[in-house]
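Following the hints, complete the assembly by docking chains B and C onto the known chain A.
Protein chains in written order, with the working numbering: chain A, 1 to 294; chain B, 1 to 112; chain C, 1 to 96.
Every clue listed holds true.
As a list, the in silico DSBU-like pairs of lysine-lysine whose alpha-carbon atoms are at most 30 Å apart:
| hint | chain 1 | residue 1 | chain 2 | residue 2 |
| --- | --- | --- | --- | --- |
| 1 | A | Lys291 | C | Lys85 |
| 2 | A | Lys9 | A | Lys32 |
| 3 | A | Lys224 | C | Lys85 |
| 4 | A | Lys291 | B | Lys94 |
| 5 | B | Lys94 | C | Lys89 |
| 6 | A | Lys291 | C | Lys89 |
| 7 | A | Lys34 | A | Lys11 |
| 8 | B | Lys94 | C | Lys85 |
| 9 | A | Lys238 | A | Lys224 |
| 10 | A | Lys34 | A | Lys9 |
| 11 | A | Lys32 | A | Lys11 |
| 12 | A | Lys5 | A | Lys32 |
| 13 | A | Lys34 | A | Lys5 |
So the derived list for chain A, only partly shown, Cβ under 10 Å to chain C, looks like this:
| hint | residue |
| --- | --- |
| 14 | Leu162 |
| 15 | Ser165 |
| 16 | Ile173 |
| 17 | Ser187 |
| 18 | Ser193 |
| 19 | Ala196 |
DEER-style ranges, computed between Cβ atoms:
| hint | chain 1 | residue 1 | chain 2 | residue 2 | range |
| --- | --- | --- | --- | --- | --- |
| 20 | C | Pro33 | A | Lys291 | 26 to 34 Å |
| 21 | A | Tyr240 | B | Trp4 | 57 to 65 Å |
| 22 | A | Ala132 | B | Leu77 | 29 to 37 Å |
| 23 | A | Ile217 | C | Tyr64 | 27 to 35 Å |
| 24 | B | Pro81 | A | Asp260 | 39 to 47 Å |
| 25 | B | Pro81 | A | Ala58 | 52 to 60 Å |
| 26 | C | Arg38 | B | Phe23 | 18 to 26 Å |
| 27 | C | Tyr64 | A | Tyr240 | 26 to 34 Å |
| 28 | A | Phe63 | C | Tyr64 | 49 to 57 Å |
Worth flagging that the hints you see were computed from the coordinates, not collected in a lab. Since we're looking at a predicted model, the values are computed, not measured. Glycine included, each C-beta is placed from N, C-alpha and C at the ideal position.
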Amino acid sequence: MKTMKNDIKSKLSAWLNFDLDLDEVPERTPPKPKAPHRSKLLILRRIQNERVHRAVYALLAVFCSITLAACLLLTVSGMPRYGEDAEFMDTVTYEYLAHGMEYTGVVNIVSGIILEYRAFDTLGESFVLFCAVSCVLLLLRRDGASGKEPPAMRDITGDPILSSSARILVPLIFVFGIYVLLNGHLSPGGGFSGGAVLGAGLIIISSAFGEDVSGRIITERVFKTVTTAALLFYCVGKSYTFFTGANGLPTGIGNGTPGDILSAGLILPLNIAVGMVVACTVYGMYRMFGKGRF
Amino acid sequence: MSGWIRFFISAAFAVCGMAAFVFAAVGSCRFRHVMYRMHSTAIADTVGILCLTLSAVVYLGVSFVSAKELAVAVMMLFTSPVSTHMLAEIEYHKGNYASGVGRGKGGGRDDG
Amino acid sequence: MTPELAYSYLFRTVCLFLLLYAAVGICRAVRGPELCDRVLGVNMVSSSVLVSILTLTAALSEPYLADVALIYAAVSLVSVVTLNKVYVKKDRGGAK
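Chain A on its own, in the form it takes in the complex (with noise of 0.2 Å):
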């Protein structure tokens, strides 16, 4: 009686996939195999047929590029030939030079030309580094559950002469990296040159005291915060002098006398963050091509 009992258990069990009794030990049970996520039930309800999908997916994504490659032709198109205009572009170089100091405040006029004449190019380079860096997080980021060897990069934790001359060489160059990129406006530096210090700095910190004393510095969620940050701020701040600008409104951000620190409007601020993306960008790219992990 007990046998068929757990027979007519056992079969019943089989048939819906789940284990009926708890408390008695059943004689043979199947395997219970593991739901799948919720998301995936949802796209495999979605897409039947793999080739379908991937015929889709090239077709859409010819007919981006088509059309993207035509917008672009259709604007280059309209600028002037090449030597045409020559006087107009002398003209503004002359204006750059001669009254760039008094119109964006700052003394260095390279920082002024990319920051405040030109702030959308250089937008468009922090952006050009936010996805280098998501590529390669992207291609050569090392889940935990691959179980795969990480490449052969030793752990020199245990150099005592690298650490014990970065123990005195880090603070250093991260108040000199600091300083490079808060002088953006005054002298020759900035956020690229600033971030790229900063960055190194951050490299010199992972050689040689090794991943736990980086880990608390800097990890992924750290990384992908400021960047984030950065960039949204840049957008909102540029949008925001670009929006008052063209309706010829006052920004309410002076210009202040050049030579101070806090002076040129949004430059300064400006700088802070393209230098925290470049700073994040170079030690993000270290630690992918090395480790494949934060």
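This is chains B and C only, laid out in the frame that chain A set:
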């Protein structure tokens, strides 16, 4: 006259620095083992840079710029031995010892 | 012959000499049979460039070039340390 004294002090430092660079260049060409060549360029990185920086500092006088130049020279004094140590460790782990004692490949490698 | 003219000759000689040192460095990088010879060549070129920038801050009276020289010094250290991390494979000794 003080202009000329300053010039001769600066020139003396510059000649010392250039002599250090000459020794480093000759040493990096003539030694037969990579460890010796490595230690020879360290002369240029420390003494050479320090002497040439002092020559520029004597020209500039006491100012913020000369302090920054001295900071660069001191930083190279700090970091160049660490660089040499890192390079020597690469060669050590390849088994390329200078004396061939122990598990080396026997007396170091000649490159001819 | 004023001191200014003499200074300009001195700095010019120093810069040309450092160019020769950089050329020796490139020779070492091309000829060297070992790996470290080539890294040493890069190190020599970077030292030569560093000192010529320092000499030029004095010769041209441009104070911002000292910052550039400091950046070069930091970058040369970072490059050698990273190369060491890549090429030396050692026991991790239990550390992760």
